[in-house]
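Student: First to last, the sequence lines map onto chains A and B.
All residue numbers for the first sequence refer to our numbering, where the first residue is 269 and numbers rise by one.
All residue numbers for the second sequence refer to our numbering, where the first residue is 105 and numbers rise by one.
There may be inaccurate statements among the hints.
[Claimed, not checked] In silico negatives: residues of chain A with every beta carbon more than 10 angstroms from chain B:
1. Gly317
2. Asp337
3. Ser357
4. Arg373
5. Thr419
6. Arg584
[Claimed, not checked] List time: in silico SDA-like cross-link candidates among lysine to any residue, alpha-carbon distance up to 20 angstroms:
7. B:Lys267 with A:Thr347
8. A:Lys340 with B:Pro207
9. A:Lys349 with B:Asn266
10. B:Lys267 with A:Gly540
11. A:Lys349 with B:Leu332
12. A:Lys349 with B:Pro207
13. A:Lys349 with B:Val328
14. B:Lys267 with A:Glu318
15. A:Lys528 with A:Gly540
16. A:Lys349 with B:Thr321
17. B:Lys267 with A:Arg338
[Unchecked claim] Computed footprint of chain B on chain A, listed as stretches where at least three residues anywhere in the stretch have a Cβ under 8 angstroms from a Cβ of chain B:
18. 343-349
19. 502-513
20. 571-581
Keep in mind that the hints were calculated from the coordinates and are not lab data.
All C-beta atoms in this analysis are idealised placements derived from N, C-alpha and C, irrespective of residue type, glycine included.
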Amino acid sequence: MKKLLSIFAVSVFAFAANAGTLDDVKNRGFLKCGVTTGLAGFAAPDDSGEWAGLDADMCRAVAVAVFGDRSKVEFITTTGKSRFPTLASGEVDMLARNTTWTISRDVNLGFEFVGVNFYDGQGFMIPSSLGVSSATELDGATVCIQTGTTTELNLADFFRLNGISYEALPIETNDEGKENLFAGRCDVYTTDASGLSSTRAAAADPGKWLVLPEIISKEPLGPLVRHGDHQWGDVVRWSLNAMIIAEELGVTSENVDAQKSSNVPEVLRLLGVEGSYGEMLELAPDWAYQIIKQIGNYSESYEANVGPDTPLEIARGLNALWTQGGILYAPPFR
Amino acid sequence: MNDITETRKPPVATTGILGWLRMNLFSNWVNSLISIFVLYILFQFVPWILNWTIFAADFKYNFNGEEIINREMCSRVLDPENGGACWAIIYVRFYQFMYGFYPREEVWRVNLSYIMLAVAVVPLLFDNFPFRKHFLKFTYVFPVIAFFLLNGGLGLESVSTNKWGGLLVTLVLGCTGIALAFPLGIILALGRRSNLPVISMMCTLFIEFIRGVPLITLLFFGMVMLPLFLPEGIDMDGLARVLVAVTLFQSAYMAEVIRGGLQAIPQGQYEAARSIGLSYWQMNLKVVLPQAIRISIPSIVNTSIGLFKDTTLVIIVGLLDLLGIGRGALADTTWLGLAYEVYFFVSLVFFIFTFAMSRYSLYLEKKLKTGINMGAD
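Extracted from the complex, chain A is given alone in its bound form (with noise of 0.2 angstroms):
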């Protein structure tokens, strides 16, 4: 369905092809990142067909580094099965979905994990009815598990460890599992905590629902790059860094104009008054001042897609800044 002649014109040009991808982005004129096809919190589109949530801020935070326009991103849905062909052939300049960082992944997929832009972990989800307040006391419970997948495992091993019984209800999908708990045909759901949030956030009375303290895996969810490319890796780890780092200075889209003529020497570092940052990136000196400025920094991002004031209640838990008593931490900007 492509234009021929556009098809003509690459064939033409295809030798050009084989630069860095930050200079395909670059002339291409926006950038091509894959999401989800929808999920609560990380990227959906909303009424009006703008892609919004944690992972799509992410997207644009890297074309506001590279263009300075948040516009200049084109949004390509992929599945948890396509997404990595799609990245893996070029039709996709990065990821950024939800995507958990493991070794397999990392080393053997060829992809390059820049950062985690989300810790989740698998939890559990009951009636508040079942009167129980950590999942060490579920011996003999339901529990719907999503068969194939990593929390099967997961699950098996907790309960194991923890020597408690449980009687599995196999599902497929999210959808099954939410009906299943709401219908009482399981006493336990478990899957990842932003989804047993999105779970809880739609059920027709949330307050009947209770998400257990106790988190089981590690799941890391972060955006990735092809292999090999190391400028573009830089470009968009950094990209995130800055917004873990303006937090941690308390720098945000409302007071980074006045944080201009701040006296921490960080603080001009990051919103390129001092250093030449932005020139060893081969971006504009500004890049970081407009992420913050047009995107925001981690902790407005987060409030406004997944915090405790959005449907999905996640506290920050592991999420917040290292200096606040989770592990979000970002090297030095210097």
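Given chain A, work out where chain B should sit, using these hints.
Tutor: Chain B only, in chain A's frame:
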């Protein structure tokens, strides 16, 4: 003398509504039981569904008269006992359901294409349409016009297919798949019955291979493997790759349907055509195929409806068709949990299209009297 008995009216129980009821619903006690049971279910179900979908439903405003902009304002969330469907999610996102992320200032191009699709297809469907011949000329050029209109080019701004979505994608996939698969299917069917062993073997291999794998596999094949076969530097559009997969899939099924029709044509028809000196193509185009296709109509429509519904599988490769847009809407934190409304709407749209297709097939069958005294009469 007067041995002609006067004419009496038929018994009351065999005429009018009562007669109809007795004939159709209560002819014996088994049927009566079934009828009572079905009526009971209908009485239970129909008022409830009407109430939920229409009378108690919110369209744009909730029962307080406020315009609904999120899930919390829906009557059925405010008052789970009495509230009906909350159609506001459909109302607010209607644009997305119809066009996906197509730029708003360019959307006239999609609308124009929809209108032209109707102008191109309706005369094709009804042979007593006035000035049909002239309209049909337009039908032939329509795909080209629609391609440039939707995709851009010739002075129109290019709109990447990544921005297409909703009904637009469903219709593009469905219409293109059905339209391209039909001629391909005919060629494959003729090829499989050919006397030339190479052609027959190739067609058989192709058909059996495609029919032997699920559509999802073909979609992945199109999405992941097709680019590997193309020369480096040529990136084929995602939608185009899916279209290739869908068309190949559909053409294999179409070929088998038409082959079924071809086999039903008596040998005498072939011999008669040959004996008056018709060539292979003349024989097939003028004598055999018109009859074969006529008897295949129900199956052709059947596979076409199947394909139209199968297009929802493209969400697996990341294209947002009508269903995909619906699921995207459900993932928006503003509207979390309104699954019934979205799925109801999507099924309604699919039902309208597939029902129209099946009614048209019935009309054709009646008009062409398929299946009665074929061939030899």
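Student: Hint by hint, say whether it matches the structure.
Tutor: Each hint, compared with the structure:
Residue placement check: Gly317 of chain A does not keep its beta carbon more than 10 angstroms from all beta carbons of chain B (closest about 5 angstroms). Against the 10 angstroms criterion, Asp337 of chain A stays outside the reach of chain B, whose nearest CB is about 16 angstroms from its own CB. Remark: the non-interface label on Ser357 of chain A conflicts with the geometry, its nearest Cβ contact in chain B lying 5 angstroms away (cut-off 10 angstroms). At roughly 17 angstroms, the least C-beta separation between Arg373 of chain A and chain B is larger than 10 angstroms, which holds for a residue marked as non-interface.
No beta-carbon of chain B is positioned within 10 angstroms of the beta-carbon of Thr419 of chain A; the least distance is around 19 angstroms. Residue placement check: Arg584 of chain A keeps its beta carbon more than 10 angstroms from all beta carbons of chain B (closest about 17 angstroms). Of the supplied pair hints, the one linking Lys267 of chain B and Thr347 of chain A holds, its CA atoms being roughly 17 angstroms apart against a limit of 20 angstroms. For the proposed pair Lys340 of chain A and Pro207 of chain B, the alpha carbon gap of about 14 angstroms is at most 20 angstroms, so the pair holds.
The suggested pairing of Lys349 of chain A with Asn266 of chain B holds, with an alpha-carbon distance near 18 angstroms, which does not exceed 20 angstroms. With a C-alpha separation of about 35 angstroms, the suggested pair Lys267 of chain B and Gly540 of chain A falls outside the 20 angstroms cut-off, and the hint is violated. The suggested pairing of Lys349 of chain A with Leu332 of chain B holds, with an alpha-carbon distance near 18 angstroms, which does not exceed 20 angstroms. A distance of roughly 28 angstroms separates the Cα atoms of Lys349 of chain A and Pro207 of chain B; the hinted pair therefore is violated under the 20 angstroms criterion.
For the proposed pair Lys349 of chain A and Val328 of chain B, the alpha carbon gap of about 10 angstroms is at most 20 angstroms, so the pair holds. Note on Lys267 of chain B and Glu318 of chain A: the hinted pairing holds, with a Cα-Cα distance of about 11 angstroms set against a maximum of 20 angstroms. The hinted pair formed by Lys528 of chain A and Gly540 of chain A meets the criterion: a straight-line CA distance of about 9 angstroms does not exceed 20 angstroms. For the proposed pair Lys349 of chain A and Thr321 of chain B, the alpha carbon gap of about 12 angstroms is at most 20 angstroms, so the pair holds.
At most 20 angstroms may separate the alpha-carbon atoms for a hinted pair to count; Lys267 of chain B and Arg338 of chain A meet this at roughly 17 angstroms. Figure legend: the stretch 343-349 of chain A, annotated as covered by chain B; annotation consistent (6 residues with Cβ-Cβ distances under 8 angstroms, at least 3 required). With a threshold of 8 angstroms between beta carbons, the proposed coverage of the stretch 502-513 of chain A by chain B is violated, since 0 of its residues qualify and at least three are required. For the stretch 571-581 of chain A, the assignment as covered by chain B holds, since 4 residues bring a beta-carbon within under 8 angstroms of that chain's beta-carbons and 3 suffice.
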